[in-house]
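Residues per chain, in single letters:
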Amino acid sequence: MKFGVLVNEGPFTHQCSDSAYQFTKAALEKGHEIYRVFFYYDGVNNANKLAEPPTDDRNLMANWSKLAEEHGVDLVVCVAAALRRGLNDDILAPGFRISGLGQLIEAGIQADRLVTFGD
Amino acid sequence: MSDLPEIPPDDEDEFGVVKKFCYVNRKAPYGTVYALESLEMVLISAAFDQDVSVVFMDDGVYQIKKDQETDGIGIKNFSKTFRALEGYDVEKLYVSKESMDERGLTTDDFLVDVEVLDQAAMSALLAEQEVVITA
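Listed in order, the protein sequences are those of chains A and B.
Every letter in the first sequence is one number past the one before it in the numbering used here, and letter 101, counting from 1, is 101.
So the number in the numbering used here is just where the residue sits in the second sequence, counting from 1, plus 119.
Calculated from the structure, these hints are not laboratory results.
Since the model is a prediction, treat every value here as computed from it, not as a measurement.
Even glycine gets a Cβ: it sits at the ideal position worked out from N, Cα and C.
Treat the hints with caution; some may be incorrect.
Restricting the straight-line Cα-Cα distance to at most 16 Å, the calculated cross-link-like pairs of lysine to aspartate or glutamate (EDC-like) are [claimed, not checked]:
(1) B/K139 <-> A/D112
(2) B/K199 <-> B/E188
(3) B/K146 <-> A/D119
(4) A/K2 <-> B/E249
(5) B/K138 <-> B/E249
(6) B/K184 <-> B/D227
(7) A/K49 <-> A/E69
(8) B/K138 <-> A/D112
(9) B/K146 <-> B/E221
Pairwise CB distance ranges (calculated) [stated by the list, open to error]:
(10) B/T226 <-> A/E69: 51 to 61 Å
(11) B/A203 <-> A/G86: 25 to 35 Å
(12) B/I194 <-> A/E69: 31 to 41 Å
(13) A/D56 <-> B/G206: 46 to 56 Å
(14) B/T151 <-> A/S19: 18 to 28 Å
(15) A/G72 <-> B/E221: 45 to 55 Å
Derived list of chain A stretches under chain B, where covered just means 3 residues or more per stretch with a C-beta under 8 Å from a C-beta of chain B [stated by the list, open to error]:
(16) 98-109
(17) 112-118
Just chain A, with the same shape it has in the complex (with noise of 0.2 Å):
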């Protein structure tokens, strides 16, 4: 099946990045297509790569980064939202972009299924 992922929350707060995170991976690995992860809300906070959680924490940053990098998921900040919160692509972490609400609905258009995690 062909998924998108909406996440909706910042890292470590919530949940939500943690399982969106662990969804995709699964996903991948179960052999299906994820066509695109889209950040959102304070979701946005998922890319910034100045965060620095302690050693003996996940990171999920660098974890999308990976999963980016490793399977080529195309992992989408929203420009507006991103803005708002101080995120630019100066402190954008590896393997995400910056882009337009377009993009999510694009995602829903193309995409089986469009799962999303949040508060």
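Chain B: place on chain A using the hints.
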């Protein structure tokens, strides 16, 4: 709202596919950003000519409540944007009857015309959607 997305011209059919998108709003309009950014998704979907429905349930019914005053909290009042939805051909607005009744509201309290659905009708509406985004 000053930053409304531009409507692409009709001959620029971006994706060529129309899907049923439904936005389920469950949170109060102010106090968190969910309502505002959900509305931005609604507007973009409409700009891309999708078949958009918008549902208000739980505290989300307050999003379309008349007479919201935000000056005291220093937050932009975007409530009037709901009245602009019609201009984007977003006319399928639904309110949960149970959520409305629990809060002592009637359709007279709303900024826009809505269809009130009970739980069974709401369930049927959601079942026929192709993309459901809740916030």
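Subject >> Contradicted hints - numbers only >> reply: none
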